[in-house]
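If you're matching them up, the sequences are chains D and F in order. Quick note on numbering: the first sequence equals residues 1155 to 1489 in this note's numbering. Quick note on numbering: the second sequence equals residues 1155 to 1489 in this note's numbering.
Among the clues, some could well be false.
Because identical chains cannot be distinguished in the list, a pair is counted as satisfied if it fits within a single copy or across any two copies.
Stated by the list, open to error - The calculated lysine to any residue pairs, modelled on SDA-like cross-linking and capped at a C-alpha distance of 20 Å, are:
| hint | residue 1 | residue 2 |
| --- | --- | --- |
| 1 | Lys-1284 | Glu-1166 |
| 2 | Lys-1284 | Thr-1374 |
| 3 | Lys-1203 | Ser-1476 |
| 4 | Lys-1284 | Arg-1164 |
| 5 | Lys-1203 | Gly-1348 |
| 6 | Lys-1203 | Leu-1469 |
| 7 | Lys-1330 | Ala-1489 |
| 8 | Lys-1203 | Gly-1474 |
| 9 | Lys-1203 | Glu-1252 |
| 10 | Lys-1284 | Gly-1160 |
| 11 | Lys-1284 | Arg-1369 |
| 12 | Lys-1330 | Asp-1451 |
| 13 | Lys-1330 | Gly-1160 |
| 14 | Lys-1203 | Gln-1472 |
| 15 | Lys-1180 | Arg-1193 |
| 16 | Lys-1403 | Ser-1377 |
| 17 | Lys-1330 | Gly-1225 |
| 18 | Lys-1203 | Thr-1350 |
| 19 | Lys-1203 | Gln-1473 |
| 20 | Lys-1403 | Arg-1369 |
| 21 | Lys-1223 | Lys-1330 |
| 22 | Lys-1203 | Pro-1471 |
If you're looking for bench data, these hints aren't it; they were derived computationally from the structure. Nothing here was measured: the structure is a model prediction, and the numbers come from that model.
Residues per chain, in single letters:
Number of protein chains: 2
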Amino acid sequence: MPKQKGSAIRLEHPPCLQSYAAIVGKKEGEGPLGSCFDRVEPDPELGEKNWEKAESHLQSETLSLALQKGGLQIHDLDCIVAGDLINQCTGSSFALRETEVPFLGVYGACSTMAEALLLAGILTDSGCCKRAAAVTSSHFSTAERQFRFPLSYGGQRSPTAQWTCTASGAAVVSAKGKAPRLLGGCIGRICDLGVTDASNMGAAMAPAAADTIQRYLTDTGTSPQDYDAIITGDLGRIGSPLLIDLLLKQGIDISAVHRDCGCMMFDDKAQDTHAGGSGCGCSASILCAHFLPQLADGTLRRVLFAATGALLSLLSPQQGESIPCIAHLVELGAA
Amino acid sequence: MPKQKGSAIRLEHPPCLQSYAAIVGKKEGEGPLGSCFDRVEPDPELGEKNWEKAESHLQSETLSLALQKGGLQIHDLDCIVAGDLINQCTGSSFALRETEVPFLGVYGACSTMAEALLLAGILTDSGCCKRAAAVTSSHFSTAERQFRFPLSYGGQRSPTAQWTCTASGAAVVSAKGKAPRLLGGCIGRICDLGVTDASNMGAAMAPAAADTIQRYLTDTGTSPQDYDAIITGDLGRIGSPLLIDLLLKQGIDISAVHRDCGCMMFDDKAQDTHAGGSGCGCSASILCAHFLPQLADGTLRRVLFAATGALLSLLSPQQGESIPCIAHLVELGAA
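The shape of chain D in the complex, shown without the other chains:
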C-alpha cells in the first residue's frame, strides 16, 4: 500500500520492472546509445501507409517485445497505461486497440513514461493489478507535421529546437519479481514561468523538473549524493544547465549525477539535432534500453527518473499563450 509523505509517494511493497524493451528509428540507432536498443527500425514508415500508423506499429511492437523478453503473453497484463503526443493520443489507442487489456490513457507530453510508470506502480502496489505495462512512443514525422511544418516544406530549425525522436519504450511492472524495483515517485505540478518560444522547450521545462526533484528530495530527506543518477527526460542542451542552476540556487547540487536523455540520444557534433532529442519515446527508450539494464545488473543502485513534458498544443502559442510544463518522477532501485 503506498504512503504519502508530503508530495513523495512511497510504495510499501515495491513492484519490480519485470521486463522492458525499446525500439528506435534509424537516426536514433546511429547515436551514441545505438547498440543498447533492442531493435533499430530502418524504415521510418515501418511498412505502413502513413507516419501515424507507423508510430502505432512501433508502439505495439515495443510492447510485444517487452512481453516476449519476459516470457509473458498479452493477457498476463491487467492494465496498460499509455499515452503519446499525437492529437487525442491516437498513437496509443490505435497501437493497443487489439490487446483486449484494460487501458488507461494518460497525457503528460514527454513526461508520459514517468506518469505511466508511477500509475502502473501504484496500481500494482495497491492491489488493483498484478501486472501493468507502461508504454509510450513518439515519431519524428508525426510530431513535425502536427506541431511544426509539413516535412516537405524543409523549414529551418531554431538552434534551441530539439529533435523529436522516433522511439518507443515499454516496461512491465509486476507485483512479484526481482530488481529493478519501483520504489516511489512524485506527481508533477504544472509550472509556467512565461516562456512563449515553442522552439525552446528545454528552457520552458527546466523549472518543472527543478520543482519535482526538489520536492522529492525534501520530502524523502535525501540528497543528490544518495543517487547514482538523477535522470531527466529531454531538457536537452539548453534546459539541462538551466535545471542545474535552478537547483543550485536552492542549495541542491545535482551536477555530479545529472544525466539528460535529450542530451544522450544524439551525437552533438556528428548528428545535426541542435539542442538534443525529445518526444515521449526519447526518455522512455533510454530508460528501458540503457538505465534499467544497469539497475538489473547492479551497475546502478538507485536512480531518479524525472521525465518532463511541455503541455502546449500547436494552437496555444498562436493564441499568445506561454508553455505550461510538468515533470513526473519515479525512483528506481537495484534492490
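Following the hints, complete the assembly by docking chain F onto the known chain D.
Below, chain F without anything else, positioned relative to chain D:
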C-alpha cells in the same frame, strides 16, 4: 487498499465524494436539467478572447466552485486528475496551471470523468492522497472547430450526430467524509467494431459500454436490479438502444435502470441536437449536478456510472481508420 477481482476494482475503505459542482453553457441550461446545475454561463466566451481560453476558464471556475461548496481551499487537494478533448488536453493544463497542485493528465475522450474518478478513488483509498479532485470539461465551439468545421461555415449536421456540450464537472474525492461514496470501478478496454462514421459515435461507443458493464456485473456477481441506475455517458439516442440490445444478447437486461447522459441533457423535440449531447463535460456535469445530490440525500442508493469515449482524432477517420472506443466505470453508493 483496493482489491482486484477479475476486472472489477473494489475500494476497501470507500472514499467519499466530499464536494462537487457543475457549470454549463446557455443551451445546456435551457435543457430539462437546467435547474440542477450550479451555474449557467450565458456567455459562450466567458469573457475570454477565444473559445479555448473560455473552456479553460469554465473548468477552473467549476473546480473553484466545487472547492467552495465543500469549504475547501485549493491547497487542500493533494492531486488533480483531469483531461479534456482539446488537442494535447490544453483545456485542462491551462485551466489548472496556477493551482500548484500535483496534476495527472488523462485522456479518455468523453470517458474522462469516470477515468479521473476511478484514479482519484484509487489514489485516495491506497493512501497516495488524502484528497484528489476529478475534473473535466468540453465546449461546443472548441470541439466543433477542432473536429468538424469552422463554425461560420454553418455545416449541416448528420441526424446521428451528437452535440458537444459546453459543460464542466468537478468532484473532490476524500479519504474521510460521508456519502456519496466511491465503492469501486472497472478500467475500460478498447473496443473497435469497425464503425468508421465519426458522425455516429453512439453506435461506435455502445460495444465498449456493453463490455465494461458486463465485465463489472460478472466480476462483482451483481445484476442490473441491484442498482437504482446504470448511467452511461453519451451514447445518445442511437447508441443507447444499441447498448441495451447488446447486453440483452448476453442475457443482461438493463432497460429498467438505464439512463444516458447524452439523452438527458437536451429536450429531444424543443432543442435541435439530433442524437443528443456528448463531450467530456456532458456526463461529468450531469453526474455532479443531478446524480451525486440524489446519492447524497438517499434518493438513489447505488448506481454505476459508465462514461464512454471515442478515441479518434480529426485525422484518423481521414486516414480510413475505424473508431476505437472505451468505457470506464465507477460504482457509487449512498452508504
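These are the hints, each one checked on the structure:
1. Lys-1284 with Glu-1166: both (15 Å within a copy, 17 Å between copies)
2. Lys-1284 with Thr-1374: between (27 Å within a copy, 18 Å between copies)
3. Lys-1203 with Ser-1476: Between. Shortest inter-copy distance 15 Å satisfies the 20 Å Cα cut-off; intra-copy 35 Å does not.
4. Lys-1284 with Arg-1164: Both, since 18 Å and 14 Å are each at most 20 Å.
5. Lys-1203 with Gly-1348: Result: close only across copies, 19 Å inter versus 39 Å intra.
6. Lys-1203 with Leu-1469: Between. Shortest inter-copy distance 14 Å satisfies the 20 Å Cα cut-off; intra-copy 27 Å does not.
7. Lys-1330 with Ala-1489: The answer is within: 13 Å in one copy meets 20 Å, while 35 Å across copies does not.
8. Lys-1203 with Gly-1474: between (35 Å within a copy, 11 Å between copies)
9. Lys-1203 with Glu-1252: Classified as within: same-chain Cα gap 19 Å, cross-chain 42 Å, threshold 20 Å.
10. Lys-1284 with Gly-1160: Intra 27 Å, inter 11 Å, cutoff 20 Å: inter-copy only.
11. Lys-1284 with Arg-1369: between (29 Å within a copy, 18 Å between copies)
12. Lys-1330 with Asp-1451: This pair counts as within: shortest intra-copy Cα distance 18 Å, inter-copy 43 Å.
13. Lys-1330 with Gly-1160: between (27 Å within a copy, 18 Å between copies)
14. Lys-1203 with Gln-1472: Result: close only across copies, 13 Å inter versus 30 Å intra.
15. Lys-1180 with Arg-1193: The answer is within: 10 Å in one copy meets 20 Å, while 54 Å across copies does not.
16. Lys-1403 with Ser-1377: Within one copy only: 15 Å inside a chain, 60 Å across chains, cut-off 20 Å.
17. Lys-1330 with Gly-1225: within (14 Å within a copy, 42 Å between copies)
18. Lys-1203 with Thr-1350: between (35 Å within a copy, 18 Å between copies)
19. Lys-1203 with Gln-1473: between (33 Å within a copy, 9 Å between copies)
20. Lys-1403 with Arg-1369: Cα proximity of Lys-1403 and Arg-1369: one copy only (14 Å, versus 53 Å across).
21. Lys-1223 with Lys-1330: Cα proximity of Lys-1223 and Lys-1330: one copy only (16 Å, versus 43 Å across).
22. Lys-1203 with Pro-1471: Between copies, since 14 Å is at most 20 Å while 31 Å is not.
Consistency with the previously given hints is maintained throughout, with no hint failing.
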